[in-house]
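Heads up: the protein sequence lines correspond to chains A and B, in order. Take the first sequence: its letter number 274 is residue 273 in numbering that gives the first Met the number 0, and every next letter is one higher. Take the second sequence: its letter number 82 is residue 81 in numbering that gives the first Met the number 0, and every next letter is one higher.
Hints were generated in silico from the structure; no laboratory data involved.
Computed list of lysine-lysine pairs in BS3-like fashion (alpha-carbon distance at most 27 Å, straight line): (1) Lys264/A with Lys249/A; (2) Lys16/B with Lys183/A; (3) Lys107/A with Lys84/B; (4) Lys249/A with Lys189/B; (5) Lys20/B with Lys143/B; (6) Lys249/A with Lys168/B; (7) Lys90/A with Lys196/A; (8) Lys93/B with Lys26/A; (9) Lys15/B with Lys126/A; (10) Lys264/A with Lys189/B; (11) Lys73/A with Lys303/A; (12) Lys55/B with Lys107/A; (13) Lys89/B with Lys107/A.
Just a few of them, taken from the derived set where beta-carbon distance is under 8 Å, the chain A residues facing chain B: (14) Gly45; (15) Ser47; (16) Ser52; (17) Ser98; (18) Val99; (19) Ser151; (20) Gly153; (21) Met154; (22) Ile209; (23) Pro256; (24) Ala257; (25) Phe260; (26) Leu262; (27) Ile263; (28) Leu269.
Just so you know, even glycine gets a beta-carbon here, dropped at the ideal spot from N, CA and C.
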Amino acid sequence: MEKLLDVENVSISFIQYTKGLNQRDLKVITDLSLDISEGEILAVLGSSGSGKSLLAHAIFGILPENARQNGKIKYKGKELSQEDKEELRGKEIALIPQSVNFLDPLMKISDQAIGNTENDAEKKEKKIKQREIFEHYNLGPEVDEMYPFQLSGGMARRVLVSTALLSNPKLVVADEPTPGLDEKTVIETLNHFKHMKEDGVGVLLITHDIHAALEIADRIGIFYSGFVIEIAENKDFSGDGENLLHPYTKALYKALPANGFELIKGHQPLHGEISQGCPYYDRCEMRFDRCKDERPELIDLGKKKVRCFKYEEGVENET
Amino acid sequence: MKLKAENISFKYPSAKKYLLKDINLELDSDKVIGLIGDSGSGKSTLCKILSGYIPKYEGNVTLDRKPLPKKGFKPVQLIYQHPEKVMNPKWKMKQVLEESWDVPDEILEEFGIQKSWLTRFPQELSGGELQRFSVVRSLNPDTKFLIADEMTTMLDAITQVQIIESVLKIVKERKMGFILVSHDMPLVEKICDEKIYLKEINNI
Ligand SMILES: Nc1ncnc2c1ncn2[C@@H]1O[C@H](COP(=O)(O)OP(=O)(O)OP(=O)(O)O)[C@@H](O)[C@H]1O
Ligand SMILES: Nc1ncnc2c1ncn2[C@@H]1O[C@H](COP(=O)(O)OP(=O)(O)OP(=O)(O)O)[C@@H](O)[C@H]1O
Ligand code: SF4
Ligand SMILES: [Mg+2]
Ligand SMILES: [Mg+2]
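Make the full structure from the sequences, and use the hints.
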């Protein structure tokens, strides 16, 4: 399968003005690499504030003005310029945004879903398609005429999903497509991604819903404080999480309401205060001396990857 | 504390049909209540009525037999489903919090809110960071009942446990009432003492 998306060593920082004219760089994503092939679903889980949405915005070319990005984002092997991103956006690459503020408050729902059209014939055709997909998501004809403030939370979410998928994209970047949706609609949405995958579409599924991720993802990337700390296989998320490698990933798994709702203390480090060493150092129960000042690389273990010194010699054979 | 709704009926001006009809509820502050229902069935609307954000409706809402105050602080606080929709984009987060109450540092700490975020605008925060502000904002010492409309949908599993445990602790300490609206059934099963299905109390 051909590579669709390559994110290579991307870092993102914000310029913050502190007192007076002092300015400092707040690094929110560090040296991040991941890739997606045609017909592949990569799920991204991670701590709140770990840089998932910013990554999505970087791919889509909509980072805020005070953001600075280093590294490469390639689509089908070619590095994307801002112009390329604007050209591909909404056509080959679709974004399902996390914030409902992406809906235009002054525009009727069906008009914004259809978007700009060249002529009446195209408009008609798109309208039919829009109705079809909306119907799929249980959005009746009355919704077409509504404005965003008249939608319930779940309806707004479903409008965002169906609008993005209307354009026949080759790559979908879905930033939290399912919060606040009932189980039936979640399954409907996931099935939609599955069908797209069968058609060769690549999907980056950013989600806090681990069950949703496990339902459809081929691989799962875990973010922490702007770092990729593990790339796991779907099947590792089972049992007590004993096959998961990074201590953060294990903790995340055990915090699920169905797996113990286990409380662990602490938060990801303050931006600008990420130490020299491992980003998980202050919460880690198995840390070594060197973890404080030395930063672990993302270690390639074949099908999996992990950013932790414990696995420098590989993974002990599981029995 | 008792939050009571009597014969609540409601229809949006632009709609043809009633959304809520003759709803009766009596909620006790010593139980954690889960409110469950299909998307678009009127959960958020009912929450807005119970907290006084929708003033015009048929029926009565009372808190310990007294009607909700028309002006000033709202003792039934609502944590909105989509905080990004209701926060003023021109206000810094410090102002957003101060408008409700003077939040002590311990609370900020407990909810994982960094001091440096206070000087940012809402659109400069992640989804989950904003959601945490929205929760803390509602925890004014005068809050008597808390309604959390999909409160933790934007949080990772670990932060979700932290926030829920912290809120439940405060709710118990202050003997506040707590209603959780959620589609996350494992979560509802885990923390709610009682479940209410909207369709069973709505007579449309
Ligand atoms: N405009 C901005 N200026 C400064 N910092 C920002 C800005 N936008 C985002 N950030 C910070 O960058 C970090 C990453 O944000 P991002 O929205 O990517 O998080 P996320 O992983 O999507 O989190 P969540 O799961 O809560 O949505 C956050 O800590 C956020 O506060
Ligand atoms: N301001 C409004 N004007 C007109 N209709 C509205 C308005 N707000 C909501 N509605 C409609 O009222 C119905 C109920 O909306 P509500 O937000 O209460 O649902 P909900 O149960 O919270 O759904 P969800 O689970 O999707 O959040 C929906 O059909 C919605 O379109
Ligand atoms: S590198 Fe060290 S501190 Fe970091 S997760 Fe591994 S053991 Fe813990
Ligand atoms: Mg996000
Ligand atoms: Mg709602």
